[in-house]
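Protein chains in written order, with this note's numbering: chain V, 1 to 322; chain U, 1 to 290; chain H, 1 to 867.
Hints listed in this document are in silico derivations from the structure and should not be mistaken for laboratory results.
For clarity, every value in this text was computed on a predicted model and none was experimentally measured.
Be careful, since some hints might not be right.
Mimicking DMTMM-like on lysine to aspartate or glutamate, the simulated pairs with C-alpha atoms at most 25 Å apart in a straight line are [as the list claims (entries may be wrong)]:
no. : chain 1 : residue 1 : chain 2 : residue 2
1   : U       : K188      : H       : E425
2   : V       : K105      : U       : D261
3   : H       : K16       : U       : E202
4   : H       : K467      : H       : D554
Pulled a few chain H residues facing chain U out of the computed Cβ check, cut under 7 Å [what the hints assert, rightly or not]:
no. : residue
5   : A2
6   : V7
7   : F9
8   : M13
9   : A15
10  : R31
11  : N320
12  : N323
13  : V610
14  : P733
15  : E737
16  : R774
Which stretches of chain V does chain U cover? Using the computed rule of at least three CB atoms under 8 Å from a CB of chain U, they are [claimed, not checked]:
no. : segment
17  : 47 to 60
18  : 105 to 112
19  : 251 to 258
20  : 287 to 299
Glycine included, each C-beta is placed from N, C-alpha and C at the ideal position.
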Amino acid sequence: MSPRRRREAGGERPTVPAAEFASYYGRPVLKPPVWRSLDIAGYFFLGGLAGASSALAAGASWTGRPVLARNAQVAAVGAVGLSTAALVHDLGRPARFGNMLRVAKPTSPMSVGSWLLAAYGPLAGAAALSTLTGRLPRLGRAAGTAAAVLGPAVAAYTAVLIADTAVPAWHEAHRELPFLFAGSAAAAAGGLGLLTVPPAESGPARLLSLAGAATELTAATLIRRRLGLVARPYRAGRGGRLLRAAEGLTLAATAAAAAAPRRRLPSALAGVALLTGSALTRFGVFHAGVDSARDPVYTVRPQRERLRARRRAERPASAPGG
Amino acid sequence: MSDPAADTGYADPPPRMGFFTDTSVCIGCKACEVACKEWNAIPEDGMELTGMSYDNTAGLGASTWRHVAFVERRGPVPAGPGGEGGEPSPQGAATPGREEGELRWLMASDVCKHCTHAACLDVCPTGALFRTEFGTVVVQEDVCNGCGYCIPACPYGVIDQRRGDGRAWKCTLCYDRISTGLEPACAKACPTESIQYGPVEELRERAASRLAALQEAGVRQARLYGADPDDGVGGAGAFFLLLDEPEVYGLPPDPVVTTRDLPSMWRHAAVAAAGLLGAAVLACLTGRRR
Amino acid sequence: MAECHPVGFQWVMEAKARGATVIHVDPRFTRTSAMADLHVPLRAGSDIAFLGGLIRHVLENEKYFREYVLAYTNAATIVSEEFRDTEDLDGVFSGLDPRRRAYDFSSWRYEDAEVSAPSGLQEMRPEERDRVRGAARGEKHGSGGAEVSAGPMRIRTDETLRHPRCVFQILRRHFARYTPETVERICGIPQETFAKVCELITENSGRERTTAFVYSVGWTQHTVGVQYIRTAAILQTLLGNIGRPGGGILALRGHASIQGSTDIPTLFNLLPGYLPMPHADRGRDLEEYLRAETVRKGHWGNMRSYLVSLLKAWWGEAANADNDFCFDHLPRLTGDHGTYRTVLAQLDGVCKGYFLLGENPAVGSANARLQRLGMAKLDWLVVRDFSLIESATWWKDGPEIETGELRTEDIGTEVFFLPAAAHTEKSGSFTNTQRLLQWHRQAVEPAGDARSDLWFAFELGRRIRAKLADPAYRERHGLDDVEMDRPVLELTWDYPTEGRHGEPDAEAVLAEINGRDAAGRPLSSYLELRPDGSTSCGCWIYCGVYADGVNQADRRRPGSEQDWVAAEWGWAWPMNRRILYNRASADPAGRPWSERKAYLRWDESRRRWVGPDVPDFDPATPPDHEPPPDATGPEALSGTDAFIMQADGKAWLYAPSGLVDGPLPAHYEPQESPFANPLYGQRRNPVRSLPPPGREHFQPSDGERGAQVFPYVATTYRLTEHHTAGGMSRWLPRLSELQPEFFCEVSPELARERGLEHLGWATVITARSAIEARVLVTERMKPLRVQGRWLHQIGLPYHWGPNGLTTGDAANELAHIALDPNVHIQEVKALACDIRPGRRPRGRALRELVEEYRRRAGIDEQTGRQM
Ligand SMILES: Nc1nc2c(c(=O)[nH]1)N[C@H]1C(S)=C(S)[C@@H](COP(=O)(O)OP(=O)(O)OC[C@H]3O[C@@H](n4cnc5c(=O)[nH]c(N)nc54)[C@H](O)[C@@H]3O)O[C@H]1N2
Ligand SMILES: Nc1nc2c(c(=O)[nH]1)N[C@H]1C(S)=C(S)[C@@H](COP(=O)(O)OP(=O)(O)OC[C@H]3O[C@@H](n4cnc5c(=O)[nH]c(N)nc54)[C@H](O)[C@@H]3O)O[C@H]1N2
Ligand code: SF4
Ligand code: SF4
Ligand code: SF4
Ligand code: SF4
Ligand code: SF4
Ligand SMILES: [Mo]
């Protein structure tokens with residue numbers, strides 16, 4: 001058997017005309033991530049929810065919306081707790097979680113993220129605890145403010161974490177992914193607000209969710225437009241399906257939230273849809289990445305084209321040899 | 001040219017060591033695979049007949065640090081004995097229904113590239129992956145917590161997680177052996193000197209002259225892979241002479257260390273995070289006015 | 001070679017790097033082909049036609065090295081008038097006795113030479129002759145030639161090479177019909193490719209250049225295997241490629257010391273150093289034996305010294321001139337006792353006990369089923385191995401248990417399994433293909449009960465001797481004939497032991513093999529051996545390996561620290577000589593044929609031969625030396641008799657004796673072939689060795705009814721990743737995972753023709769059995785155009801069996817036991833077969849399938865047995 005000359009994989013609407021490309025028996029060039037989607041996409045979602053919620057909580061408490069502030073604070077603590085559990089669960093050696101804080105490496109988004117989480121988690125916890133117990137309010141406030149500053153970083157860094165890999169669909173989208181993630185986090189936090197807070201106080205949640213949804217949808221559109229062949233996993237396959245569902249939910253939710261701002265039930269439904277949409281976005285992105293790593297075409301073809309372009313650019317300039 | 005060991009902070013490190021794997025003389029004996037497993041006590045890695053020519057190892061992985069690829073390929077006729085390249089060789093004599101061109105059976109022993117700019121090392125959050133004084137990249141098995149980050153970070157798909165063990169494993173360039181002046185096990189076992197071990201500087205020169213010799217002999221498909229210090233990973237510490245396009249052997253044609261774009265990623269993330277914070281605050285402020 | 005001798009192949013790669021052209025002749029495209037400049041696929045079993053075509057090309061186009069041929073070969077020798085060639089007799093030589101299926105060699109002799117074929121076969125009664133012949137007499141003198149009993153002066157020659165009966169002209173006529181068209185028709189090699197090979201080989205031979213041939217069992221495992229090598233020898237000799245650096249015919253050998261095990265043989269018909277084993281029917285005493293076996297001229301002339309020294313090594317003080325040095329103690333042959341004959345004897349109930357020391361015939365020997373059925377008839381079986389190989393467990397889980405042919409309860413064989421120590425766990429020597437002895441030292445003590453084979457043999461001997469020497473024991477067992485036990489009781493059996501397990505000291509054995517003089521000092525060369533019992537030597541060709549009391553095989557001076565011949569790495573027999581027949585590297589006057597290929601030269605000022613190697617003859621013999629007419633032995637060699645082991649000092653283009661199937665090679669079809677022999681009416685080797693009817697079924701061949709039932713040719717071979725019958729690889733995960741399943745290799749064309757799917761299953765069937773294998777469809781298998789039709793060949797690696805980490809059917813279930821008559825090797829390289837998709841039937845149904853095929857092909861007891 002000669003190495004399979006493969007036709008383009010997947011994709012019902014190829015953007016690039018199907019052509020043959022050589023690969024080693026169609027095997028992936030890259031190692032797909034070994035992460036479990038539930039753990040890691042879940043972690044991304046929960047981290048985003050927590051981070052954005054902390055920001056929302058701070059804003060709410062400054063502007064005198066105690067229920068929203070409290071609920072968002074509790075949500076942040078719960079989410080960050082769960083997300084950390086998911087992260088630890090996904091380690092090959094969970095007992096060695098502590099090694100994450102063995103060094104601080106700016107080149108490793110995961111290291112940066114671990115330190116972020118290490119700082120943010122207790123702050124979010126302190127803020128929530130103070131609110132719930134009514135103790136040490138000044139300290140609680142300070143913690144809440146700090147958590148609000150760190151929270152968005154927690155929400156966005158995960159985009160860097162996956163973009164900083166060789167996985168084509170992730171890496172190539174490294175400019176858009178932070179916005180997608182931040183937007184998605186905002187939508188989720190807003191959604192949670194809509195779900196848990198009476199209409200009287202949920203105004204900021206609605207606004208935040210609308211802004212988040214808009215950012216999320218824009219970033220996703222940009223990704224699909226800019227990534228060429230590598231965008232396909234965002235359209236087709238499991239990743240594509242999840243993302244389409246996410247977008248549908250987000251659109252529906254924003255419509256509902258915008259249309260009936262003062263009614264409890266539609267708001268709550270919109271909240272659920274936003275949360276679900278945000279989660280699906282992360283799962284969609286996760287699977288799009290895994291799919292793009294599994295199929296060698298996404299590694300080989302863009303690199304080939306890059307090489308060809310470089311050679312074309314070099315040829316007139318440089319002398320032969322080398 | 002950067003010296004990764006010096007860049008890492010080793011004062012006065014020994015010369016950077018690495019491999020030049022000349023696949024034009026690889027006979028596919030897999031002695032390198034076996035020697036590596038034997039020396040490093042690596043467990044069995046599956047007993048599946050893959051149907052990929054004589055390659056039943058399938059690829060590099062946590063329990064396969066050397067992998068010999070077998071490519072059966074019809075293509076342009078390389079230089080025949082005494083002849084010019086491209087001359088039709090009797091070997092290619094047509095069988096009805098078969099593609100034209102000579103059948104070639106390419107074999108190549110793949111390994112971790114010990115990149116000058118190693119993404120795996122860059123992204124490792126625990127410091128389990130580290131740069132040795134020889135400029136090589138090694139996992140410390142007692143530090144690795146199995147976070148799995150290095151795995152999708154590697155642009156060559158080298159490092160992987162061992163099932164049941166949870167940690168990431170890959171070629172150590174026989175750190176234990178070379179530290180005591182021994183040659184790595186795979187190179188030692190290679191009967192044809194397809195795997196050449198030595199100072200990277202020297203190997204690059206050797207590779208260049210081997211390439212020149214082959215091209216002179218009419219083997220026009222010969223090319224170096226990973227030997228260029230200006231490539232996307234700053235040059236590989238283990239580089240290759242190939243007889244076909246890299247992807248034919250399962251290698252990426254133009255790998256780039258992902259962390260090259262990390263500053264840009266952080267910038268974008270910072271803006272996004274700031275945006276998020278801003279949006280939250282703004283939403284509250286706007287909401288109040290209502 | 002890259003597949004099976006990857007470490008040796010590094011030198012081919014090095015030669016290639018220096019500009020050598022590599023041609024690979026093999027039915028399959030292998031790892032070797034991948035490295036070769038030219039791959040020549042041919043039909044398995046057709047190499048004599050291919051090589052014959054090359055010989056014809058060389059002769060017809062005057063491409064031979066004339067001075068060399070004249071000086072060092074028997075080209076000019078006149079052959080007896082009685083000789084008739086295959087060209088005259090439609091494929092057989094004169095002297096064929098169709099009833100006995102054997103040749104009378106007398107007509108093959110040189111003219112005027114005394115009528116005396118090897119081993120005096122002529123003097124015997126016919127039935128006696130058959131028994132002796134059966135004992136593979138052709139194999140004797142493995143390191144030299146057989147005998148020509150004429151004095152050197154009496155051999156008639158014609159230096160003009162024009163005499164119609166001179167060897168050269170016979171050769172020319174014999175090979176005339178091996179034209180490129182014929183080569184194409186028989187081998188499936190396109191004429192264009194063949195022309196390329198002719199050109200490459202001839203251009204690279206002569207004064208300035210030499211070509212080397214490398215072969216292994218792709219050439220030997222045929223019913224005409226020995227003649228394959230003969231053909232190559234003729235070609236190489238004509239081209240002047242023997243005895244010169246970069247030339248030769250290199251036999252790549254098998255197991256790590258298989259060369260050693262022919263030198264100090266595990267072969268039934270040889271004593272150490274290729275001395276023939278005495279036969280029960282003749283050579284009753286030493287004198288008679290020596291008279292029959294000794295050649296007058298050349299180094300075989302000193303056979304008495306070699307044999308007497310051997311007897312002294314074995315029986316020491318007990319051996320003296322009065323008792324023929326215990327010549328009577330040697331066992332005697334009564335016929336063929338080769339491995340396949342032994343299996344038949346087991347089936348006949350004649351052979352009752354069997355030692356398997358490092359062998360796995362239930363997988364590795366042809367017709368594996370017969371091997372197991374034979375073992376099931378034994379009283380006892382001893383297996384010494386690392387793991388429970390198939391030959392040790394067939395009685396409980398072998399294929400015949402599954403088919404119901406055998407039931408464990410019914411098998412009376414008592415099976416002993418004894419764990420063996422591996423080479424890393426013991427010291428000893430390996431003798432490689434270059435005759436180089438290399439010492440290896442024990443690295444670790446064997447684990448558990450494992451012991452070396454040396455320990456086992458020594459202990460077994462010690463214990464048996466203790467028993468035989470114990471009067472009470474003798475009394476108890478009624479052993480009243482002490483005479484009978486003398487050979488055992490009088491053996492020198494006194495090796496020092498060492499280590500935790502009392503392992504005999506391997507160096508002490510080496511010292512015994514090397515030999516000692518009367519004072520017990522180590523000898524340094526076989527020239528010192530004496531016929532009077534004053535020297536002892538366990539193997540005359542190894543004499544010198546312990547010279548000066550130093551283990552010369554243990555020398556490890558790196559190549560970089562010595563000249564290119566590297567004489568101080570290990571030790572090569574004989575006399576540390578690295579190239580045999582190296583006198584031929586210089587012209588008759590003693591000048592190198594060319595400076596480029598200089599090796600030895602005669603230095604007139606020093607009156608000696610000089611060069612990097614040990615000369616193959618007395619270094620002080622000048623090139624113009626003429627021996628006195630009455631000289632014998634080495635002294636009878638002239639200054640130009642380069643082929644010192646041959647009775648006439650010449651390389652034999654034509655072999656007047658020594659082979660039982662003809663003085664020249666002729667193309668015969670394999671025992672089973674889908675093709676007729678287009679050259680002669682005689683289809684197969686007329687004297688090939690077949691088992692008696694009733695034990696084995698053969699298939700019809702082309703032209704015979706039913707042949708179309710087996711339209712394909714299967715060949716069996718090795719993979720780099722496994723070793724032989726699997727005992728050393730199928731139990732190791734490191735190797736098993738590299739080739740985890742038994743497969744067959746087929747071309748895309750055959751896959752289409754038979755509906756075989758890549759990675760699916762296929763069943764391969766012959767008249768013996770049917771096996772299943774996963775299918776690898778690969779363009780490396782190439783259909784060949786043979787005799788006007790497309791031939792598909794099927795590749796079957798033969799490493800698998802039912803035990804171990806990776807299991808599968810054994811290819812040898814398919815193979816038959818038609819053998820080469822000279823050396824009794826099985827024909828496993830060319831088998832006609834059928835293939836079909838799917839797995840094979842299980843249980844009884846398996847035998848039924850085979851029966852069905854036999855019926856369809858009309859196979860009976862007589863099929864395939866025609867001469
Ligand atoms: N890895 C490995 N190495 C080994 C061994 C092993 O089992 N595994 N075994 C050792 C032993 S015991 C031996 S004897 C040697 C054997 O060494 P080889 O002789 O090299 O071994 P094979 O693979 O049996 O056969 C060699 C080739 O002969 C080809 N062939 C078959 N029929 C014909 C024919 O008619 N003509 C020609 N020209 N070629 C033909 C086959 O396709 C095959 O490629 O290897 C030794 N080395
Ligand atoms: N169809 C087919 N059949 C063939 C061949 C072929 O090409 N095709 N080739 C033939 C050839 S060339 C050969 S050599 C035979 C090989 O056939 P076998 O000799 O029957 O097979 P091996 O597997 O080599 O068996 C050797 C055994 O010795 C054991 N062993 C290794 N070292 C030691 C030791 O030091 N002491 C003891 N006691 N045991 C040890 C190993 O574990 C192994 O089980 O097969 C022959 N059969
Ligand atoms: S090849 Fe991959 S695993 Fe090896 S050093 Fe480079 S990035 Fe790391
Ligand atoms: S899996 Fe181990 S080596 Fe890889 S990045 Fe995580 S800690 Fe580092
Ligand atoms: S250098 Fe050592 S660890 Fe790396 S592939 Fe070679 S033998 Fe294995
Ligand atoms: S040991 Fe050398 S020749 Fe053998 S497969 Fe490995 S690289 Fe190739
Ligand atoms: S197994 Fe031993 S004898 Fe065979 S090629 Fe390897 S080193 Fe040589
Ligand atoms: Mo063998």
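Here is what the structure says about each hint:
1. K188(U) / E425(H): Since the Cα atoms of K188(U) and E425(H) sit roughly 22 Å apart, the hinted pair holds (cutoff 25 Å).
2. K105(V) / D261(U): Holds, at roughly 16 Å.
3. K16(H) / E202(U): Given pair K16(H), E202(U) holds - Cα atoms ~23 Å apart, limit 25 Å.
4. K467(H) / D554(H): Not satisfied, since the Cα-Cα distance of roughly 37 Å exceeds 25 Å.
5. A2: holds (4 Å)
6. V7: Cβ of V7(H) sits 5 Å from chain U, so the hint holds.
7. F9: holds (6 Å)
8. M13: Hint on M13(H): holds, closest Cβ of chain U at ~5 Å, below 7 Å.
9. A15: violated (12 Å)
10. R31: For R31(H), the interface hint holds, since the closest Cβ of chain U sits about 5 Å away, which is under 7 Å.
11. N320: Violated, about 52 Å.
12. N323: Not OK, violated: N323(H) not within 7 Å of chain U, min 52 Å.
13. V610: Not OK, violated: V610(H) not within 7 Å of chain U, min 34 Å.
14. P733: Nearest chain U Cβ about 4 Å off; hint holds.
15. E737: OK, holds: E737(H) within 7 Å of chain U, min 5 Å.
16. R774: holds (6 Å)
17. 47 to 60: Since 7 is at least three, the answer is holds.
18. 105 to 112: Per the Cβ count (6), the hint holds.
19. 251 to 258: It is violated, with 0 qualifying residues against the three required.
20. 287 to 299: Our answer is that it holds, as 4 residues pass the Cβ test (under 8 Å) against chain U, meeting three.
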